[in-house]
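Protein chains: 2
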Amino acid sequence: MDKTLIFGHKSPDTDSICSALVYADLKKELGVNAHPARLGEVNKETQFALDYFGVEVPPLIKKVDDDVKNVILVDHNEFQQSVDNIQDVRISEVIDHHRVSNFETKEPLYFRSEPVGCTATILNKMHKESGVIVSKKNAGLLLSAIISDSLLLKSPTCTQVDIDAAHELAEIAGVDLETYGLEMLKAGADLSDKSAHDLITMDAKEFTMGDAKVQIAQVNAVDTNQIYASQAAIEKEMEQFISDKNLDLFLFVATDILNNDSDALALGSAKDNVEKAFDVTLDDNNRALLKGVVSRKKQIVTKLTETFLSKTFTK
Amino acid sequence: MDKTLIFGHKSPDTDSICSALVYADLKKELGVNAHPARLGEVNKETQFALDYFGVEVPPLIKKVDDDVKNVILVDHNEFQQSVDNIQDVRISEVIDHHRVSNFETKEPLYFRSEPVGCTATILNKMHKESGVIVSKKNAGLLLSAIISDSLLLKSPTCTQVDIDAAHELAEIAGVDLETYGLEMLKAGADLSDKSAHDLITMDAKEFTMGDAKVQIAQVNAVDTNQIYASQAAIEKEMEQFISDKNLDLFLFVATDILNNDSDALALGSAKDNVEKAFDVTLDDNNRALLKGVVSRKKQIVTKLTETFLSKTFTK
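The listed protein sequences correspond, in order, to chains R and W.
Start counting the first sequence at 1; every next residue gets the next number (the UniProt record's numbering).
Start counting the second sequence at 1; every next residue gets the next number (the UniProt record's numbering).
Chain R with its partners taken away, still in its complex shape (with noise of 0.2 Å):
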């Protein structure tokens, strides 16, 4: 049977992994021949709710085989976060819940997004949609994407949807919603065997904006002030990335998940669009505390897209 391969985004977070395996067991019981995988190393927050659960981690790949007749992209639908073949393959499906850019096909498919706090979210309403119902260990990983992409449903992404699906899947998967939430993001913001390269491709992402290449990476900690104690390894590792890539920012965001503030690091010619989208001025170590700020998608992206754009247009 033609085989469809399901994957999230690069520098997987536990959405794209979870929502990968969980999609894949969806798309089996409806008779499709579906495979999970995954496009880089799955981080320690994710490994927590894989052990906790009791799930293998989906196979890593470099590109799409060409034995694989159609993928389906979850968690993203840009093509510069997917796969590196992806303008050969045959997207068949697309399930993600950020904005739409850099994303072309050559047919009409079933292009799936919705503007809740996480893919899982649109996961547990499809399995209602289908009369499938949700089996304990993947209402645990569907929790754990929806506790990852939210911080424990604090971030300003996360809808009431998000909210009930949480609670609906926490009693299916038998665990105690705060208690597993907070034990999963520690887990996560366990930095200690981090090199100042993993710190900032663990969960990196490119954009365009404008006419602009931006890098945002964003991890998770207890205490900032831990991961800065390393800075100068960390500039160093991004000026290599901004040369290679020929960027024009990289923002590296530390994001506090226990006073949801971040401490952001920028570099590259274009950092004062950092300074402009939030109205802070970046000290001598190129940094600023970003107030309240938890969501890349919701309060980076969007205010520094328009950054970029403003100067190009005038609306």
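For the record, the hints were derived by calculation from the structure and aren't laboratory data.
Don't take each hint at face value.
Stated by the list, open to error - List time: in silico DSS-like cross-link candidates among lysine-lysine, alpha-carbon distance up to 27 Å:
| # | chain 1 | residue 1 | chain 2 | residue 2 |
| --- | --- | --- | --- | --- |
| 1 | R | 69 | W | 276 |
| 2 | W | 154 | W | 297 |
| 3 | W | 27 | R | 298 |
| 4 | W | 213 | W | 63 |
| 5 | R | 303 | W | 3 |
| 6 | W | 128 | R | 28 |
| 7 | R | 106 | W | 10 |
| 8 | W | 297 | R | 276 |
| 9 | R | 303 | W | 69 |
| 10 | R | 106 | W | 245 |
| 11 | R | 106 | W | 276 |
| 12 | R | 125 | W | 27 |
| 13 | W | 10 | R | 303 |
| 14 | R | 106 | W | 213 |
| 15 | W | 298 | R | 69 |
| 16 | W | 106 | R | 245 |
| 17 | W | 276 | R | 128 |
| 18 | W | 291 | W | 303 |
| 19 | R | 10 | W | 106 |
| 20 | W | 63 | R | 303 |
To be verified - Computed list of chain W residues with no C-beta within reach of chain R, every gap over 10 Å:
| # | residue |
| --- | --- |
| 21 | 3 |
| 22 | 68 |
| 23 | 182 |
| 24 | 284 |
Virtual Cβ for every residue (Gly too), placed ideally from N, Cα, C.
With chain R fixed as given, assemble chain W onto it according to the hints.
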């Protein structure tokens, strides 16, 4: 209350007009201050449907005014097919059944595209999902859109979901599907009062294929010879478009609604791509018969895009 404007593509067809009208009604039922609009003249087929079910033509707009908070695109997503100031407005939703291309937002949105034959089929489903009963007149409009896009359920774009929706809607609308459908298509195929300019603009869409700019216009006819009686005038108008819009290819497709073939006329520097895409030879009049071709989307755009792309990449 914040105003939401709903419209289909330029050179609107029956799906673009009827889906805007019906979705505005559905949104109003759901508490949204939604208004339908259109980006161009209503064709005879659509007018027949509106008159039959006693519905007013939606207002014509040239641009989205400043008092509009959100726009919803139906039956299209490619910006070049949309309103001229589409880059300046907030798109909150897209309901569509075409390929995704040249579409971009700053923020997450509700984007729903399904590989079915008609936007109206998705709207029929959305009524069920939200528990709103389709009124008799709206059933008539949705049915008309499906008949139009599927050439009375004969196009290869037509899926079982469209067929089921059409039968269901015909019953609510109180019409006989075949009788009403043929009457509506014939009303649209009456081209006796059309100028050459009308013929090439009444259902025209622009596409980007690789690096090329391609315009494809389609008319339905009972007798395609009657259309080409004025071929010289049609070519003159097409040449004008090619030079004004800097097109690489202008393909004019006259589709015979009774025997389901198309008689195509190709002009522009890239017209040899038509020969390659369909394995035909353009005659001295730049025309070729495309046997069994009735669907611009599924049978023309896909093949032509592949031909244009195969020049640039090798797969």
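Here is what the structure says about each hint:
no. : hint            : verdict
1   : R/69 <-> W/276  : 25 Å, holds
2   : W/154 <-> W/297 : 14 Å, holds
3   : W/27 <-> R/298  : 25 Å, holds
4   : W/213 <-> W/63  : 23 Å, holds
5   : R/303 <-> W/3   : 24 Å, holds
6   : W/128 <-> R/28  : 26 Å, holds
7   : R/106 <-> W/10  : 20 Å, holds
8   : W/297 <-> R/276 : 44 Å, violated
9   : R/303 <-> W/69  : 18 Å, holds
10  : R/106 <-> W/245 : 23 Å, holds
11  : R/106 <-> W/276 : 17 Å, holds
12  : R/125 <-> W/27  : 21 Å, holds
13  : W/10 <-> R/303  : 31 Å, violated
14  : R/106 <-> W/213 : 15 Å, holds
15  : W/298 <-> R/69  : 19 Å, holds
16  : W/106 <-> R/245 : 23 Å, holds
17  : W/276 <-> R/128 : 46 Å, violated
18  : W/291 <-> W/303 : 14 Å, holds
19  : R/10 <-> W/106  : 20 Å, holds
20  : W/63 <-> R/303  : 25 Å, holds
21  : 3               : 18 Å, holds
22  : 68              : 14 Å, holds
23  : 182             : 26 Å, holds
24  : 284             : 32 Å, holds
Going down the numbered hints, you'll see the structure goes against 8, 13, 17, while the others check out.
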